[in-house]
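Mind docking these for me? Both chains are given alone in their own frames, and the hints should help you get the complex.
Chains A and B, in that order, are what the protein sequence lines are.
Under the numbering used here, the residues of the first sequence are numbered 305 to 421, in order.
Under the numbering used here, the residues of the second sequence are numbered 447 to 557, in order.
Watch out, some of these pointers could steer you wrong.
Cβ-Cβ distance ranges computed for the label pairs, FRET-style [unchecked claim]:
#: 1; chain 1: A; residue 1: Glu358; chain 2: B; residue 2: Ala462; range: 44 to 52 Å
#: 2; chain 1: B; residue 1: Met526; chain 2: A; residue 2: Ile316; range: 27 to 35 Å
#: 3; chain 1: B; residue 1: Met526; chain 2: A; residue 2: Asn375; range: 39 to 47 Å
#: 4; chain 1: A; residue 1: Leu315; chain 2: B; residue 2: Ser473; range: 33 to 41 Å
No wet-lab data here; the hints were simulated from the structure.
Using N, Cα and C, we set each Cβ at its ideal position, and we do this for glycine too.
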Amino acid sequence: ETGVTQSPTHLIKTRGQQVTLRCSSQSGHNTVSWYQQALGQGPQFIFQYYREEENGRGNFPPRFSGLQFPNYSSELNVNALELDDSALYLCASFPTSGRVSGANVLTFGAGSRLTVL
Amino acid sequence: GQNIDQPTEMTATEGAIVQINCTYQTSGFNGLFWYQQHAGEAPTFLSYNVLDGLEEKGRFSSFLSRSKGYSYLLLKELQMKDSASYLCAVRARNRDDKIIFGKGTRLHILP
Chain A
305 ETGVTQSPTH
315 LIKTRGQQVT
325 LRCSSQSGHN
335 TVSWYQQALG
345 QGPQFIFQYY
355 REEENGRGNF
365 PPRFSGLQFP
375 NYSSELNVNA
385 LELDDSALYL
395 CASFPTSGRV
405 SGANVLTFGA
415 GSRLTVL
Chain B
447 GQNIDQPTEM
457 TATEGAIVQI
467 NCTYQTSGFN
477 GLFWYQQHAG
487 EAPTFLSYNV
497 LDGLEEKGRF
507 SSFLSRSKGY
517 SYLLLKELQM
527 KDSASYLCAV
537 RARNRDDKII
547 FGKGTRLHIL
557 P
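One chain only, chain B, in its complex shape (with noise of 0.2 Å):
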């Protein structure tokens, strides 16, 4: 089976550092994605990790640690277009490469 945990929601104040994280259990791992929702829109690309180890894209990092089932979206210098839901999503390694989603973190960020 396959499992993806993220918190519900977290809130954050604008110019701060905030750390979401996400654990998986999956059967098999190819890949880990980061997506940005804003409400009322899909998801949009924001990293992707298949590697152990931190990959920096300007404000936002994602870090994976395989051995750990576990990555982190790291969001720098906090801004106010920065609040949205935050989806972890892992590709399994199997035949047909299907993407699975977790249920998504809403992120609050206050003046």
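Just chain A, with the same shape it has in the complex (with noise of 0.2 Å):
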């Protein structure tokens, strides 16, 4: 069974770049999520892609948007790029929505780190 595999893991861009963030979800796992993780906080919620569609999203702007796959792999895109952008980006998966077990927690992926200069 493969974990959470995110790509790239780290990468610099320069403000108004564009950048695309991967993340192949653990075997099984048909939803994912996508959290920003400032240095010293917890993660923020960003979106979560279900059956290819978004179904849920947080406080963000409509620069940061997603995709995901038939594979349920996933991508997020953040256009416009701005300092405070600078963050760890976090993937996370989990089994599909509906009933709830401590078997069916979150798992992550191990992070991209994003540096805009």
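If you want it as structure tokens, here you go:
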């Protein structure tokens, strides 16, 4: 059983550029959530995808967008990067929405650390 | 709206016991999670509570009171490797089942 994998692990961009981050969910997990974690803070919910559709969104502007593919992998796109977008971006997956149990927990990838200069 | 509160930092001594509290206000409730996160690493799952009471797992225990919107994580026989951030997270009972995190509690263990 493979875990959640993210790429790239680190990247540096300049203000105004665009970035795409990628995530492969854990086998059997069809829901993917993306979080932004600034240094010293908890993860902030960006959005969630289920069956290739966004089905939940946090308080982030439209320049944060995403996709989910038929194999449940996902992308996070950020346009017009700002300095405050510098953070660790975490992808997490879990099995289908619905019955929740101790086994159906969010499994996180190692994250993509974005630095905006 | 949703709000999750936990202390920013705590310090404890190796071998001791520490309790990290979490209070929450959410639109519906469908479970509370505790995650551990070491610096520079991804969060890892510690515990899950959906019913009131205490769940024990080795040195770690988690308690939930749904009527009070309150949980705590209890760490016993503290070890230096327990120095980390501890994240309280709540799954709301709504269409999207999204999980919202608190800001985390940084736990420092002193020898």
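To see whether the hints hold, each was checked on the structure:
no.: 1; hint: A:Glu358 with B:Ala462: 44 to 52 Å; verdict: 45 Å, holds
no.: 2; hint: B:Met526 with A:Ile316: 27 to 35 Å; verdict: 33 Å, holds
no.: 3; hint: B:Met526 with A:Asn375: 39 to 47 Å; verdict: 41 Å, holds
no.: 4; hint: A:Leu315 with B:Ser473: 33 to 41 Å; verdict: 35 Å, holds
The structure is consistent with each of the numbered hints, conforming to all of them.
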